[in-house]
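K.L.:
This is what each chain is made of:
There are 2 protein chains.
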Amino acid sequence: MEKRSALDQAFEQRWKTLLGEWIEFLKFPSISAQPSYDSECSRCAAWLVQWLKGNGFHAWLEPTRSKPLVRAHRDGLPGAPHVLYYGHYDVQPVDPVDAWTTPPFDPVYRNDRLYARGAEDNKGQIWFTLQAMATLIAMGNPMPPIDILLEGEEECGSAGITEWLQAHAGDIRSDILLVTDTNTVPDGRPTLVMGLRGIIHATAVLQGPAYDLHSGVHGGVAPNPATGLARLLTSLHDAQGRIAVEGFHDGILPLSPAEKAETARARFDPEQYRHATGVPPCAGDPDRTPIERAGFLPSIDINGIHAGYSGSGIKTIIPATATVKLTARLAAGQDPDHCLDCLCRHLERQVPKGLTLAITERGIGGKGFRLAPDTPLVQQTLMVLEKLQEGEPARLWEGASIPVVSALQSASGADPVLVGFGDEADRIHAPDESFSREQMRRGFVFAGLWLDAMTRGGQ
Amino acid sequence: MEKRSALDQAFEQRWKTLLGEWIEFLKFPSISAQPSYDSECSRCAAWLVQWLKGNGFHAWLEPTRSKPLVRAHRDGLPGAPHVLYYGHYDVQPVDPVDAWTTPPFDPVYRNDRLYARGAEDNKGQIWFTLQAMATLIAMGNPMPPIDILLEGEEECGSAGITEWLQAHAGDIRSDILLVTDTNTVPDGRPTLVMGLRGIIHATAVLQGPAYDLHSGVHGGVAPNPATGLARLLTSLHDAQGRIAVEGFHDGILPLSPAEKAETARARFDPEQYRHATGVPPCAGDPDRTPIERAGFLPSIDINGIHAGYSGSGIKTIIPATATVKLTARLAAGQDPDHCLDCLCRHLERQVPKGLTLAITERGIGGKGFRLAPDTPLVQQTLMVLEKLQEGEPARLWEGASIPVVSALQSASGADPVLVGFGDEADRIHAPDESFSREQMRRGFVFAGLWLDAMTRGGQ
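Going line by line, the protein sequences match chains A and B.
Each step along the first sequence adds one to the number in this note's numbering, with nothing skipped, and position 191 is 191.
Each step along the second sequence adds one to the number in this note's numbering, with nothing skipped, and position 280 is 280.
Note that these hints are calculated values from the structure, not bench results.
Please note that a few of the clues may not be correct.
[Unchecked claim] List of simulated lysine to aspartate or glutamate pairs, DMTMM-like, C-alpha gap at most 25 Å: (1) LYS387(A) <-> GLU2(A); (2) LYS315(B) <-> GLU424(A); (3) LYS315(A) <-> ASP337(B); (4) LYS353(B) <-> ASP269(A); (5) LYS3(B) <-> GLU438(B); (6) LYS315(B) <-> ASP341(A).
Looking at chain A on its own, in the form it has when it is part of the complex (with noise of 0.2 Å):
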């Protein structure tokens, strides 16, 4: 408990400093999709770099084709893992600009929350452990060795620091990567992310006629593209939802014992879940529950679906062609590549007669994986999380996906740990973005905890 005690004080008498760096931050609109704010993303690069530099770190700015990255690196503990720290400088669009209460990069401190566009995503979140790291470095506090890779395009697709990887895995070995990007359980539990599902897409085009055909003169004779997907992606699933793909499911792990005694304690209710989406939990496989179905299966999802007249009224026409988005979410142990082909295989084996079939895109986002519940790096931060005092850790199977996480993850070779203090009253992405002082101390105790334990760890 002294290092909690410590760390709290320190967090007392650091908050206007760090409040102060943290609106300074803020200011940039660094918003990576809309290349006029380009300039303002290297600036914002630049001043992290400036601040790494003035908190003991050697620190330079590295160039990929489109933002650059933040490097740091400093020397630590010989002996103690090699942590590799990610985070993105980047933000979220601001529109509809109208809807913020106050200007989105003229951040305003109110109700112990500051409000601006990134308060959250993912600036704050990086602020309380930058802080927490040149806070231990102050107290002369011994260390890991540390590397630092903060990306400026995290918001777009992450496409430099990816092929910037490609050339660059040797620069970047580590033994752990920490990831401070996600949000605790509904209830507020601090909270360790187990795993993170895959992703792939494509969009597939049925062509049939060469025009819209009269639907009167040609109904009945000439194959209707609608039509025709509707059945084409019907078959993708069964009829109790479970997908339906020759050689998708291939080398999906299992769940483990502990996993599944993890997930049937886990709380998860039907009704809740209406309540908050406006739909039951009832898709996918049903022999499974729904927080085994999100965290460690995969899903097939049309994202779009489009095809002839959307106006009022009628207009009686069977259309050349109609399109589908499809995402797949990928479980730990599925390969990307076999699953994109399994699926486009089985798309183009479907094709209903008279018509044919284009895939007009297709990509993979990134691996999906699961931590073994039982590594000394888990229980070692789920004992940290405990200290936190704040309620049981709580584990989650996250089903959404980071792409870049299993990207550095190969490249670095390290293993992931994501825990972040981000929760929906943050309101990422939307108006009135914000992050409460609460969480900053949370998340700011949190990694000095941390990052000591590992020191320690290492010894």
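With chain A fixed as given, assemble chain B onto it according to the hints.
P.N.:
This is chain B only, laid out in the frame that chain A set:
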């Protein structure tokens, strides 16, 4: 042959007058869909009334809730069948106006064709009929009793006449309904339309989540309305393409032996169809020929299907809703109300779990009908077409619908006769619409011979 030569001769004598008056008729921009042309529609209708009055008819304007009807009457030979002639004086919009070689309402006669909006549809095809009537009257030919009904909004839904018919069915009781608003078969032989399909429509929305959900967090847990809609629409047909909606086939009139024989003789070349449309004629019941499927069987077609994201790249959502627009073509004997009920009930019964269905639009265009091939009226009309000496008359079971025809048929009690001389080269609804002197001559001779045959047939 005496009557035939007399009509040929009369056409040549009358041609200059006919052409001059046709041009006057075409100069009215009677575009019904665009309210700014309402007064032009009224002026056109008034001009027709004057012309009919000057050519042997009692004629007047009849108001409806929108465009006025042109009505005319002439007593005829007692005992001869009472003929009701229907046509429409309104025309399609002219966009894209830049694509016209000469202005659409400044008719130009070149290479034996008259170019203008409405040159064929329906002003040209009205014109040979009315001119033939006027010629016979001027020649002192005995005539059947004739009523004329020319509406002004066929191109935008026939709402006015449809409402008017409900209150005035008694005013137009007659024996035969003549319509000259159709085409000849592709090889140009004189053609009698033996049937039209009916039409119903529905728009259905499948509601899922309260808002677009993150497909990573919710994929495999939340039901996806686009996936659900694909399954729902697939259930409308069996694996071979036959309609699988319970009760939908009730009442369909089977092909009579004469119809069976006639359609078996009709020419249909699958390769030519594929060349023209881009698809093989492979939809519908595989045990029936394409001609049977389009003319004698119903079809259910998706005219549009829309859900979620349609742009480039990926958007990882489970869309909140999915929408489909459907029309069904109905065979003769099917009750549109019953079919629409069956279709909607089918959709409601098959709603995938977790989703809700709303049918947001539903409506009935009109019933289908077929003429018995061996009635005296059909035989007489075919004999008249034979007298044109332009190849063996063709019988055409149209897959399309002209909803007002079934409404007129019910209101008047008359048997329909649909003969027209349009063909694809006329480019109706498109820029540079035209109708040739030769088509006008054929129509004029047909109308004269047919009216004469009806008079004699009724004696």
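K.L.:
Does each hint hold? Answer for all of them.
P.N.:
Going down the list of hints, with the structure as the test:
As the CA atoms of LYS387(A) and GLU2(A) are separated by approximately 11 Å, the hinted pair is consistent with the 25 Å bound. Annotation: proposed proximity of LYS315(B) to GLU424(A) holds, straight-line Cα distance about 20 Å (limit 25 Å). At most 25 Å may separate the alpha-carbon atoms for a hinted pair to count; LYS315(A) and ASP337(B) meet this at roughly 20 Å. Distance hint between LYS353(B) and ASP269(A) is fulfilled; the C-alpha atoms sit about 18 Å from each other, no more than 25 Å.
Proposed proximity of LYS3(B) and GLU438(B) is supported: the alpha carbons are some 19 Å apart, at most 25 Å. Under the criterion of a C-alpha separation no larger than 25 Å, the hint pairing LYS315(B) with ASP341(A) is consistent with the structure, at around 21 Å.
Consistency with the previously given hints is maintained throughout, with no hint failing.
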